[in-house]
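First to last, the protein sequences are chains A and B.
The numbers in the working numbering rise by one with no breaks, and the one at position 166 of the first sequence is 166.
In the working numbering, each residue's number is its place in the second sequence (first place is 1) plus 1000.
Since the hints were derived computationally from the structure, they do not count as laboratory data.
In silico BS3-like pairs for lysine-lysine, Cα to Cα no more than 27 angstroms straight-line:
1. A:Lys-418 <-> A:Lys-387
2. B:Lys-1172 <-> A:Lys-418
3. B:Lys-1172 <-> B:Lys-1052
4. B:Lys-1438 <-> A:Lys-172
5. B:Lys-1438 <-> A:Lys-438
6. B:Lys-1418 <-> A:Lys-172
Protein chains: 2
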Amino acid sequence: MDIIELLRREFNPRQVIVDETSLTAYATDESGEGPYYPRAAFLAQSPLEVEKLLRLASMEGFAVTPRGLGTGKSGGALPVCGGVVLAMDGMKRILEIDEDSSLAIVEPGIITQTLQQAVWEHRLFYPPDPASLDTCSLGGNVAENAGGPRAFRYGVTREYVLGMEAVTMGGKRFNLGRKSIKGVSGYDLTGLLTGSEGTLAVFTKLIMRLIPRHREPGIVLAFYADLASAARAVTALLSSSVHPMALELIDGYSLKNITGIEGFAPPAEAGGAILCEMEGLPDDDALLERLADILEGGDPLHIDVAMDPSACRRLWTARRNVSTRLKENHRYKISEDIAVPRAAIPAAVAQVQEIARRHGLHMGCYGHAGDGNLHVNFVTDDDGARKNFAMAVEELFVTTIRLGGTLSGEHGIGISKKRFMALEHDPNSLDMMHAIKKAWDPQNLLNPGKIL
Amino acid sequence: MDIIELLRREFNPRQVIVDETSLTAYATDESGEGPYYPRAAFLAQSPLEVEKLLRLASMEGFAVTPRGLGTGKSGGALPVCGGVVLAMDGMKRILEIDEDSSLAIVEPGIITQTLQQAVWEHRLFYPPDPASLDTCSLGGNVAENAGGPRAFRYGVTREYVLGMEAVTMGGKRFNLGRKSIKGVSGYDLTGLLTGSEGTLAVFTKLIMRLIPRHREPGIVLAFYADLASAARAVTALLSSSVHPMALELIDGYSLKNITGIEGFAPPAEAGGAILCEMEGLPDDDALLERLADILEGGDPLHIDVAMDPSACRRLWTARRNVSTRLKENHRYKISEDIAVPRAAIPAAVAQVQEIARRHGLHMGCYGHAGDGNLHVNFVTDDDGARKNFAMAVEELFVTTIRLGGTLSGEHGIGISKKRFMALEHDPNSLDMMHAIKKAWDPQNLLNPGKIL
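Bound-form chain A, shown alone (with noise of 0.2 angstroms):
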C-alpha cells in the first residue's frame, strides 16, 4: 500500500503532512545540506504512536528519519532516502520535576532552554548550551550529544542523560538506563544511542540529571594582538587553578565580525580574544585578580570584565552571533566543528590559518577553546574561491586528524561528514559500528544514510 493511503488510515490524518509546500520545513535544517523531500511528515504525539509508525515502517519497508527542531550543522535530521519524517517537536511535555534527586523527565521535543528555565525555578541547572538553546530540542541535543560554550565546566549532554524510553526501528518500545547517578547494571545503551544520531532508536522520553543551581556568573574578556598569543593564554589558564565555566576563543576575522552587536567594541589592531565565564565573579575579588593576572601574563592589549547579568548576556550574544554574522556579511560560508588535543590548539589554528590562505579563503575561526574544539568557518564573496571549499575542508580534516584530533567535536557526522570517516577510524572499528546499526536495524531503514 501507499505510504501516503497507509499513513492516513492508520493515524488522524491532521498528523500527517504531505503537501509540498509543508513538506519544505522537513526538507532543510541548519546543515545547509539539501533540500531532500520526504513523502510525508509524521507529528507524533505519543510513544504509543511511534511504537506504531516504526512497526508498520519496518513491515513496509519505509525508511522513517526522526527529527526535533532541525537545529542540527550536519544533517542528521534530512530525510536523505526519502521516506517518512517523524516529527517528534510536539512531544514536549515536562512529566516530572524531582528537585530531592536532582532530575527531569521530559519528553523529546521540549526546547532545551523551556527545561533550563524550568529546572532553574526548582533551584536546579541543566547545564548543556548549544548556540541553539531557545530553538533547539532536547531530544536532537542527546541524538547528536550537543556540547556548547559550559561543557568546558560541565560535560557534554552525554553526561546528564540517565535514562531514557526508546523505540527501536520494528517498533519495541523499552526503558534503558536509570534514575540514580550512578548505575552499571549491563551495557551502557543510554550512553550508546546518546550521540548516535537517530539511527538506532527514536526517544519518547528522557530522564535528565540536573545539578544545584550555579552562583551568578562574570565573564572577563581579553584581547590580544594575535590569536596564538591568545591561544597560549588559554594554556596558560588550564593549567592554573581557576575553573572557569566557559573558555572561548575567538580569531581577529571573527571579532570585526561581531563588533558592533551590543554594543560590542574590540580594540582595533585584536588579532584574538579570550571570553572567560567564571562561577562567583562578580562577589569573589581574589578569583577575579587571579584570573586578570593570567590573563595579563600574555600582555593583552585590553581586558574588558562584565559583571552584571545583563552585561553578560551581551557578550554571549555576540560570542553567539558570530556564525549568523560570517554569514550574513559573506556570499559563501562553510563551517567546520573540529576537537583536537588542547595542547594542539596553537598548532590548529596556525595550521587552519594557512590552509585558507593558500585557498584564498578568509577564515573565521572561534569555539571551546578548553575543549580544544573548534569552529571553522572558510568564508569568502568570490565564485572562483569558492570552488575552493571542499578542498580546504578536507585539508582541514586531514591536519586535524594528523594532530591527533576528531572530525566533529559536538555537531555529529550526519550527512556532512560521513565520507571522512575512514580518515578517523580504523576499518575494524567502523565495522564494529555497522555490526551494531545491522543488529539494532536489520533492514537499515531508521535514519539511513547518517554516519556509516
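Guided by the hints, dock chain B onto chain A, whose structure is given.
Showing chain B alone in chain A's frame:
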C-alpha cells in the same frame, strides 16, 4: 588440538600457566564466588599476543576470560566456562603522559594508584578511587566502570576514558575514541566498552583524560544519633552550594566495627556519620564555616575536623576498612552495592534495616551517599540466620528497584547479580544487549556467562 598443547606451540611456554596450584590464583576474585578453574592462564605481554590468542580462540572454539588484578566484586574475571584466562597484568607500562593536553596513554594492567601517583608528579590528577585503588588494575576499572568516593565530585571511570585500543573475539584489533576532550564522531564505542565487563573486547591500550591537580583537601566528619539524621544532613548538603569531593555515609554498626583503626573514635552512641571531604578546606575558613553550619543543622553529636594530610589519610583508612572489618568480625558476610535516586536514600536505609531485622541479620551499611550509592553488608555469626542471606539479598534488590534504583552502583553485574537483571531491565532492553553481544561475539566465547 588440545588447548594447552596449542598454546604451548603458539606462544612462549613460560607464558602459559597450567598447573593447578598456580591456576588457583586465577580461579577466584574478591566476589567470594567460585573457585572456577580455567584450563590454562595466558600471561599476555603485547597487543599482538592478545590478537593472536583471540584469533586462536575463535578458530578452536575455546572461551577466553580477560583478567586484570582480580579485585572485582561481582565475578567478572572468573572463568565460569573454563577455557583460558587472559592475564593482562603483565601489560602495565605508562606509554605517555601529555601534560599540556592533560592525558595519559597506558597499558591496562597498570595499578590504578600507580597511574595516579605518576600523573600527580606532572601536576595532574586521575580522580577515580575505588577502594582497591592500590591493588586493582586500570583495565579492570574500565571493564567494570569503577567508582569510588570521589566519583561524587569527579564522576566515575567512564568520564575519564577518552579512547582505547581493543581486540574483539576473533582477533580484530582496533582504535576507538580520541585524544580530544570532546568528540561525536560515530557511535560511542568507547563508552559502550566501558562497563561491558570484558564481554565485548579486550583492552590493550587506554587513553585516559586527566584534570589539574586539586588543592589540599580537608575532611569534616559529623556524627549523628541515628542514620536518618545523617541521611537528612546529606540531603541538606546536596542542595547547598558547597561542592564536596566526597560525601560518605556510615551507619552505626559500621562505625562500631572500625572503632580503633588509626585512632578512629566515634561517640559510643553514634548511629550514623557523614564524612565530607573538601578541596581547599585547610586554607578557607569561610568554606569550613559554611560546611559546619549545614552539618550542625542536623543536630550532630559531635563534629571532627581533619586538616592535615596525615589526619585525612587516617580517616580514609578507617573508612576504607569497613568492609574488611565487617568480614573479620563475623563468620558470614554478604555485601551488595545498590544505587538509588538521591532523595530515596533515607527510605532505602530504613527499608534495608527492616529487611535485616526480619531475617535476624546484622547490617552494616555505608557508601557514597552523594551519588545515592550504598554498600549494604548483611553479616551474622549464626549458621541458621546465614541461610536467610539469599532471601535478604533478593528483598534488597526488589526494594532498590521499587525505589527507582539499580542493582549495581559500581561493582558490575558479573555472575553475582546476573539472575536479578530481569528485575531491573525490561525484556526488550535485554534483547538489545543480547543483539550487541551477538554482533560482536557470535560464538559467545569472550567472557561467557557474564551479565546476560
